[in-house]
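Number of protein chains: 2
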Amino acid sequence: MSYELFVEVTRNGTVESRHFGAAVVCDYKGVVVESWGDIENLVFPRSALKPMLAIHLVESGASDRYALSNAELSLACSSHQGEQMHQNLVASWLSRLGLTEDHLACGAVLPEHTESAHQLLASGQQGCRIHHNCSGKHTGFLTTSLHLELPLDNYHLVEHPLQQRSLETLSDIADIDLQQYPMGIDGCGLPAPTMPLLQLGRAMARFANPVDLSIDRSQAIYRLHEAITNEPLYIAGHGSVVSELNEVTKGSVLAKSGAEGVITAALPERGLGIALKIADGSSRARAVALLAILEYLGALSDEEKHQLQAHIAPKLVNSRGLAVGEIRPAASWLK
Amino acid sequence: MSYELFVEVTRNGTVESRHFGAAVVCDYKGVVVESWGDIENLVFPRSALKPMLAIHLVESGASDRYALSNAELSLACSSHQGEQMHQNLVASWLSRLGLTEDHLACGAVLPEHTESAHQLLASGQQGCRIHHNCSGKHTGFLTTSLHLELPLDNYHLVEHPLQQRSLETLSDIADIDLQQYPMGIDGCGLPAPTMPLLQLGRAMARFANPVDLSIDRSQAIYRLHEAITNEPLYIAGHGSVVSELNEVTKGSVLAKSGAEGVITAALPERGLGIALKIADGSSRARAVALLAILEYLGALSDEEKHQLQAHIAPKLVNSRGLAVGEIRPAASWLK
Chain A
66 MSYELFVEVT RNGTVESRHF GAAVVCDYKG VVVESWGDIE NLVFPRSALK PMLAIHLVES
126 GASDRYALSN AELSLACSSH QGEQMHQNLV ASWLSRLGLT EDHLACGAVL PEHTESAHQL
186 LASGQQGCRI HHNCSGKHTG FLTTSLHLEL PLDNYHLVEH PLQQRSLETL SDIADIDLQQ
246 YPMGIDGCGL PAPTMPLLQL GRAMARFANP VDLSIDRSQA IYRLHEAITN EPLYIAGHGS
306 VVSELNEVTK GSVLAKSGAE GVITAALPER GLGIALKIAD GSSRARAVAL LAILEYLGAL
366 SDEEKHQLQA HIAPKLVNSR GLAVGEIRPA ASWLK
Chain B
66 MSYELFVEVT RNGTVESRHF GAAVVCDYKG VVVESWGDIE NLVFPRSALK PMLAIHLVES
126 GASDRYALSN AELSLACSSH QGEQMHQNLV ASWLSRLGLT EDHLACGAVL PEHTESAHQL
186 LASGQQGCRI HHNCSGKHTG FLTTSLHLEL PLDNYHLVEH PLQQRSLETL SDIADIDLQQ
246 YPMGIDGCGL PAPTMPLLQL GRAMARFANP VDLSIDRSQA IYRLHEAITN EPLYIAGHGS
306 VVSELNEVTK GSVLAKSGAE GVITAALPER GLGIALKIAD GSSRARAVAL LAILEYLGAL
366 SDEEKHQLQA HIAPKLVNSR GLAVGEIRPA ASWLK
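If you read the sequences in order, they're chains A and B.
Start counting the first sequence at 66; every next residue gets the next number (the numbering used here).
Start counting the second sequence at 66; every next residue gets the next number (the numbering used here).
By construction, these hints were calculated from the structure, which means they are not laboratory data.
Just so you know, not all the hints are guaranteed correct.
[To be verified] Computed footprint of chain B on chain A; a stretch qualifies when at least three of its residues, placed anywhere within it, have a C-beta under 8 Å from a C-beta of chain B:
1) 162 to 176
2) 182 to 190
[Said to hold, decoys possible] Partial list, computed: chain B residues near chain A (C-beta under 8 Å):
3) Ser82
4) Gly172
5) Gly336
Glycine included, every Cβ here is placed at the ideal spot set by N, Cα and C.
Generate coordinates for the entire structure from the input sequences, incorporating the hints supplied.
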C-alpha cells in the first residue's frame with residue numbers, strides 16, 4: 066500500500082494541504098502503460114462503475130424495448146447533480162415505466178447541486194429519492210427488471226438476480242471474479258464491490274475499446290459511448306469536470322467519478338483506460354490529478370486545456386470573494 | 066515532509082480511504098513528548114489560532130471594559146456553527162458595541178450547521194456575515210479596536226495595528242517571529258500566518274500552562290480557559306467534537322479546530338499542548354486522530370471515552386439509514 070504525492074493545495078503560494086494517490090493507465094489488451102503508487106491495492110470504485118453497470122441495460126434489450134433516449138442512457142451511467150433537468154428526466158422515465166419514486170431503493174436526499182438544493186428548500190420542499198445522484202442508475206435497474214420480468218422489490222440487494230447479472234458483467238469486463246473480493250454496501254444501498262486499482266484501469270480500457278468482448282457486449286458499450294457523448298450534461302451536470310471533459314473533448318475522453326476520491330476515464334480512440342484513487346477520498350483532488358495525467362499523455366489539445374482551465378488548477382476563493390490559493394498538480398509529480 | 070497513516074475509513078470492514086498526518090505533543094517548557102511525521106513542516110493553523118488571538122482582547126482590557134461574558138469570550142475563540150444561539154449572541158454583542166453586521170470584515174455565508182442553514186433558506190433568508198464561523202473572532206477584534214481607539218475600517222488587513230499586535234502576541238506564545246514566515250489570507254479575510262507544526266504544539270502547551278509568560282498574558286489565558294470551560298457550546302456548537310471534548314472533560318482538554326485538517330488541544334492540568342495536521346486537509350479524520358492521541362496519553366477516563374464514542378470511531382450511515390462503515394484510527398498506528 067503506497068501512494069504518490071499527486072495534488073497540492075496552496076495558500077498565497079505556500080503549500081497548505083497535500084493529496085496522495087495511486088493511478089494506472091492501461092491499454093485494452095491489459096498492458097500497463099503508466100502507473101503511480103500501489104496499483105494492486107483494493108479500491109471500491111463506487112459510482113465509477115455506473116457506465117459498466119449500464120451495459121446490461123442495453124445488452125439485455127431493455128433499452129431498446131423502452132426506447133431509452135441518449136439522455137436517459139447517459140443518466141443511467143450518471144452521478145447526476147440533481148438539477149431540474151435531471152429531476153425531470155428521472156421522473157418522466159419512471160412515469161413511462163408505470164413506476165414512481167417509491168420504487169427507487171436509494172434514500173431521500175437533497176440535490177448535490179447547491180443552487181438546486183437551495184431553491185428546493187426555499188420553496189418549502191425537502192429531499193427525495195429522485196434527487197439522489199444514483200436515481201438514474203436505479204431507474205436503469207428498474208427498467209431491466211421490468212424487461213426481464215424480475216421482481217422489482219429488493220432489486221438493490223446482492224442476492225437479487227439483477228445484481229448477480231451485473232456482477233457477472235462487471236467481472237467479465239474487469240477480468241476477475243468480483244464475488245471472490247470483499248464487498249460493501251454503497252451510499253444508495255446497492256452492492257459496492259472492490260477490485261485492485263489495476264483491474265479498474267483494465268476494465269476502463271476495455272470499456273474504451275471493447276473489441277475483445279463479445280459482439281453484443283461491445284455493441285452495448287458503443288451505444289453508451291454515443292449516449293454519453295451526445296448528452297454529457299446528463300452524466301453529471303453543469304460545471305462538473307466529468308460533463309465538461311466529455312463535452313469539450315467531444316467524447317474522446319469519457320470520464321466518470323466515484324465516491325471517496327475515485328475517478329476513471331476511457332479514451333476510445335486510443336484504447337486506453339485510466340483509474341485513479343485519491344487515498345483520502347477527497348473530491349477536490351481527483352479531477353486535478355486526472356487532468357494532469359491526461360495532459361501528460363498528450364490527450365488534450367491546447368484548445369481543450371484552455372476550455373478546462375478551471376478544472377486544471379482551480380482557484381480557491383474566500384468568503385470575501387478574494388482568490389487566496391489554488392489546487393494544482395504537485396510540483397514534484399509527472400516531471 | 067513526511068506523514069504517518071493516522072486514520073482509516075472502512076466499508077464493511079475493508080479499508081476504503083486513508084488519511085495521513087503529522088502531530089506533536091509538547092510540554093509547556095517546549096519539550097517534545099511525542100511526535101508522528103515531520104513536525105518541522107510549515108502549517109497554516111488557521112482557526113486553531115483563535116483562542117490565542119483572543120488573548121489580546123482580554124490583556125488589552127477591552128474584555129473588562131465591555132464586560133464580556135463567558136459566552137462572548139468563548140465565541141471570540143470560536144469557529145461557531147452558526148446556530149441560532151451563536152447568531153443571537155454575535156448580534157447582541159455587536160449591538161452593545163453600537164455596531165452592526167456591516168462592520169464585520171468576514172463574508173456573507175450560510176451557517177455551517179446544516180439544520181440552521183436549511184431553516185434559514187426555508188424562511189426565505191440568505192447567508193449573512195453573522196453566520197460566518199469567524200464572526201465571534203471578528204466581533205472580538207472590533208471590541209479591541211474600539212477600546213484602543215484604533216480605526217474600525219480595514220481592521221482585517223495585516224498592516225492594521227490590531228493585526229500587528231495580534232501577530233506579536235502569537236509570536237510570543239509560539240516563540241518564533243511569525244513575520245519571518247510565509248503568510249496567506251484566511252477564508253474570512255484576516256492574515257493567515259504559518260509556523261512549523263512543532264511551534265503550534267509549543268504554543269498550545271504554553272496556552273495550557275502559561276506560567277512562563279508575563280503575568281498579564283497568563284491571567285488573560287486563564288480567563289479564556291474559564292470562559293471556554295463554562296460555555297463550551299459557544300466555541301463550536303452542538304454535536305461538535307471541540308465543544309463536546311471541552312464539556313465532557315470539564316475543561317481538562319481544551320480543543321480547537323482549524324481549517325484544512327488542523328486540530329489542537331491544550332491540557333491545562335498536565336501542561337501539555339497537542340498540534341495535529343491531516344495532510345489532505347479533511348475534517349473527518351482530525352478529531353478521530355486527536356482522540357486517539359488523547360487516549361494514548363491516558364488523558365481520557367473510561368467514562369469520558371464512553372461519552373465521546375461517536376467521535377472516537379464515527380459510523381458512516383448511507384442514504385437508506387444503514388451503517389455501512391466507520392472512521393477509525395489506523396490499525397497500524399499507536400501500537
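Problem - Hints the structure fails to honour - result: The structure breaks only hint 5.
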